[in-house]
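K.L.:
Residue strings, one per chain:
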Amino acid sequence: MRKLVIPKYYGRPSIGLALLGCTNRPFYHVCVFPDRALGRRYEGNILEQVGTFDPLPNQKNEKLVALNFGRLKYWIGERNAHISVPVLELLGLSGLFPIHPKSFIRAKDNRALIADQQLKTVAEAAEAEKITQEQDSSGAPSTSHPQ
Amino acid sequence: MNTVTIQTSMLKLKPKISAFTRLSTEVRQSSQWVKASGSSTTDDVNIEKLFVEKNVQKLLTDLTDIDLEHKVFRPRRTSIQQRSHFALMTDERLEKTRERMREEARRFLQFVPVKEPRQETVQTLAKDAELKDFDTSKFVFTDITFDATDQDRTVVVREPDGTLRTANPEEHDRMNRTYYQKPNRPVNPPPLFSDPYLQQALDKNEHEFVLDWSCWFYEPDDPAFVRLSQLIFDRINETNKFHVITSTRHFGSFVFYLALNDNIPKLLNYFGSFGRLSDCANLIRLQKAVKPDWRVTIAQGDSEEKIVKDFIKQNARFRDQIGDLLNFINNGKVKQDQDLEKQTFGVRERVGRMDRRKARITSANVRGVEGPLAELSEEYPVKVVKSEGSGERDAVEKKDEGRGKGRWRSRDQNSKEDKKKD
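Residue numbers (numbering that gives the first Met the number 0), protein chains in the order written: chain A, 0 to 146; chain B, 0 to 421.
Worth flagging that the hints you see were computed from the coordinates, not collected in a lab. Remember, predicted model here, so these are calculated numbers, not experimental data. Glycine residues also receive a C-beta, built at the ideal position from the N, C-alpha and C atoms. Certain hints may be false.
[Said to hold, decoys possible] Listed next, with one range per pair, are the computed distances between beta-carbon atoms:
1. B:169 with A:21: 46 to 54 Å
2. A:72 with B:234: 48 to 56 Å
3. A:109 with B:48: 48 to 56 Å
I would like the entire structure built from these sequences, with the hints used as guidance.
P.N.:
The structure is reproduced here in structure tokens:
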């Protein structure tokens, strides 16, 4: 298609995650996309790659994020790029931005979930104990008097 | 999200990190290179400065003898294919060539720097209790800005409990290795650097290989590197395998480490067993330079023998460890050659094939079995393109042969002769 504008310098760019893994192996690039008016976000449309994010934890239980802060500052500060929520969360965790509200919500939900699970496990353990005690009390006489 | 908050938070973070790193280099009590057990008052020793001091460097370079044939230029496996090059030389030229090789060897034997390891403590940059359990795993953020170097790259870690902290040296270097790869530098330290395999390698006398690789893999100020090299040095000293590290680029830091820890008698004995009195004296001088003690200083005009004898007298507790040295000083006896053979066995084994041909090739035996062609010389007539010792013209021709021209010429002549025979 004939281009009427240069995408790099047109409109308001946006920073987001581009999924570039393969089957069952997600891997994201933090990318700068051109203005919304120029079309869907697809691989050929990426203006610049400014980082990577590996959502699968490695052997040491770390999720690795690489960010080119110099270029990010350019796109955010000089070009006033729109930043997608997942990237905002990453930037918040990295300490460049204030922490995104969504991170707090996720943390709260996770804590609730963990508390729930703990309650459940405690209850299950208590129940299991009760059952074993009952079995012991009912089983002991049966072993002492074999038929 | 307005830009003002971004600016302020960025401004707050940057100086914080740099200030913390500067602080960590200043506040430092005792050196990691000095073992706590053997020393009493070792605070305020600047190891890095001491190592690069002129007289210490001089002593270390003097102690590192240059063994061209068996160590520095021994045959080794490389990725570059090279043919061995034989040349007939006059004695004068041979001496010149040797000197040139020695010059090159000195470049190869530049010491590995001895540096204080980086601080392993981390600084907490922010604490957000609200963020607890936002994820089950840590997040490691690496700054891959083009300008950042491996040393000053910012790496921060967000823990699952919400604290944001700077990365410790291990994480920092691992991220460097992850995002900036180099050949033979995998992300995780190879198993060779940890014990069962390390001990196996050391049993095979591969100390130099392990040290070389660790040098390439780690930064010199990495705590893991310091720990590993100390471990290897200790094992060399325990097992008396000094021959594996002499005339390598690790010998300087090895001797420096021993001298710092007051642990030289075994090495002294090793030098003494070869009758190398000057090396013994240099080693003692080194120890006194590294750990100055006003009670036992060396006078200006002391001879080497006197230095060694004084040291023996002052350190009577080492008497049973330096038997060979005492034997040499009192009776002038040097260890037998058989013992030397045994000691250098590991090295010899690897160069065994070369050793057979080590005999010097002269104009007399170049055509025979002793020459470079060995058994093939019976099948092929050996033609020597140039004669020995006839001035400038030869030198020019010799260069040509290096590029393979002479070889081709002789081959052409051979083929002509073959045709004649036909």
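K.L.:
Output the numbers, in ascending order, of every earlier hint that fails for this structure.
P.N.:
1
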